[in-house]
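There are 2 protein chains.
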Amino acid sequence: LAEPLLDRLCVIGAGHIGSSILRAVNEQGLAGSISVSDASGAVCTRIAELGLADETFLDAKEAVAGADTVILCVPVGQMGALAAEIAPRLKDGAIVSDVGSVKSAVISAIMPHLPPYAHLVPAHPVAGLEFSGPDSGIARLFENRWCILTPPPGTNPRAVECISALWQAMGANIELMTPEHHDLVLAITSHVPHLIAYNLVGTASDLETVTEKEVIKYSAGGFRDSTRVAASDPTMWRDIFLNNKEAVLEMLGRFSEDLTALQRAIRWGDGDTLFNLFTRTRKIRREVIEAGQAGLPPPDPPGAPAPRARKKRG
Amino acid sequence: LAEPLLDRLCVIGAGHIGSSILRAVNEQGLAGSISVSDASGAVCTRIAELGLADETFLDAKEAVAGADTVILCVPVGQMGALAAEIAPRLKDGAIVSDVGSVKSAVISAIMPHLPPYAHLVPAHPVAGLEFSGPDSGIARLFENRWCILTPPPGTNPRAVECISALWQAMGANIELMTPEHHDLVLAITSHVPHLIAYNLVGTASDLETVTEKEVIKYSAGGFRDSTRVAASDPTMWRDIFLNNKEAVLEMLGRFSEDLTALQRAIRWGDGDTLFNLFTRTRKIRREVIEAGQAGLPPPDPPGAPAPRARKKRG
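Taken in order, these protein sequences are the chains called B and C. To convert, note that position 80 of the first sequence is 80 in the working numbering; the numbers rise steadily by one, no gaps. To convert, note that position 98 of the second sequence is 98 in the working numbering; the numbers rise steadily by one, no gaps.
Be aware that one or more of the hints could be misleading.
Treat identical chains as interchangeable: a pair holds within one or across any two.
Below 16 Å or equal to it, Euclidean Cα-Cα: the simulated EDC-like pairs (lysine to aspartate or glutamate) are [what the hints assert, rightly or not]: (1) K61 - E85; (2) K91 - D68; (3) K283 - D59; (4) K283 - E208.
To be clear, the hints were calculated from the coordinates, so they are not data collected in a lab.
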């Protein structure tokens, strides 16, 4: 039998992404043993019930002891304090990674706390749905999705290789870029789309002329898509906007400028401007479909075994 | 055997909505006979191949002859000219309906052309996907969706009853409102969501710092939802914005105002404003789900018969 990819994996934060990783790692047998930490006792209990870890800990410090790979799956605003907390207990040569949707700020928050003998390999799997909590994880969430790695210059190549191999084993494709470029790309492909969805749902529910009940009743005309995106975790998203301020403000400025031009076209009855834009955007959709990024993740195949309870060690 | 609901139905425009109606009417046997007109000869041929009509006509005037119910399924900008064209050939007592996403402008465009012996019952099924053309129709598209009727004061109640019964037979729920209120409700639940999706996709594809290829590659972070909405038919949507100008500009003004406030919250690091909005919007999603409006239409059940070729009349 082949050795598992990792000796001991520690996942901190067992929400939608954390528990998706746990499901994938368990199904594929990618780790010899797994420790999980979550600040919520209920979450720890649920992870144990689901058989997704060998050991669960309320205290992150205890969870990292002995782990060769530690993945931080908490909101980006909590990364710094968490890194400070676990740093003294990291094993010599441990690889620390994360799944944060912002990279520059997260690297600045984590890096200063790590001991010289630990390796930081920041990662961002561009995947995830609007759900939260340990029960919302999906083993195949990362299949055919991109995982972006932003290792700081001088990072040990074997550490990068290890995190790449882990994500590839979970079905993802790997791309490397600088944290600054990552934050720009994600500002337009993820952060601004979320902000305008949140904003639209807010605007709609504040109207006096149209009731909230009507907005919900007739949401199949397009609004419902925004409500899905705007159902994403509030803490996670607050932290993203506070920690990718510059790139989000830059992209938002462009969005608003363009929207003002469209508003003017509507006011002046300039149908050509509208028609030309709407034709151009249709082409982008075709390219998203061709790139295999249009759909939801594939459902787990019918009859797939539920993750089995793991044997407790000694 | 029960009589079909309609004696002879005429559908003009066999795109996504028109061909969905044809599929539903055929499957449920709701019409004794069906005539279809489309300005495209290829579409007429395809509808005949699919067995969705008894007769197809390039010329709308010929298609309406003898029909007791005529449904106009063309972009709202074409409704007036179409009404003028068919009016002289309408049968005495014919009911004319439409599926336009705007109601005040469509009523103003159609009404003056109709002879006194025809009955106008404007309708808007709040359903539809981003697809176009006769092959994109879905028999169950209207199931558990709302169809809004906006009959002008004094409309014959039996005509309203007939169109209600038709939509109910196709699985829709009926709501009546004034055309003005319809246009406000749809401006926020459908028109502005489409406009900001089109705008976002346009902004994203115009960037110099992030390539179009990157935007597509990493679209699973939220952008892909906008690309779906922004793939909707350009002519249809140009016409919607040009014909619901006032309500769209009003809702867009509010959206932009609110977005500016969010932008300011991000710039000043006001996490509470963001968190409070994101918590409030999450609740709306739950209500959309509870109202049964969250999902795509149910797929046709496996093994459902393909629409059968209709017998040609003598």
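Structure-based check of all given hints:
1. K61 - E85: Only inside one copy: K61 and E85 sit 6 Å apart there, 78 Å across copies, limit 16 Å.
2. K91 - D68: within (7 Å within a copy, 81 Å between copies)
3. K283 - D59: neither (50 Å within a copy, 31 Å between copies)
4. K283 - E208: neither (37 Å within a copy, 19 Å between copies)
Figure legend: structure checked against the earlier numbered hints; hints not met, in rising order: 3 and 4.
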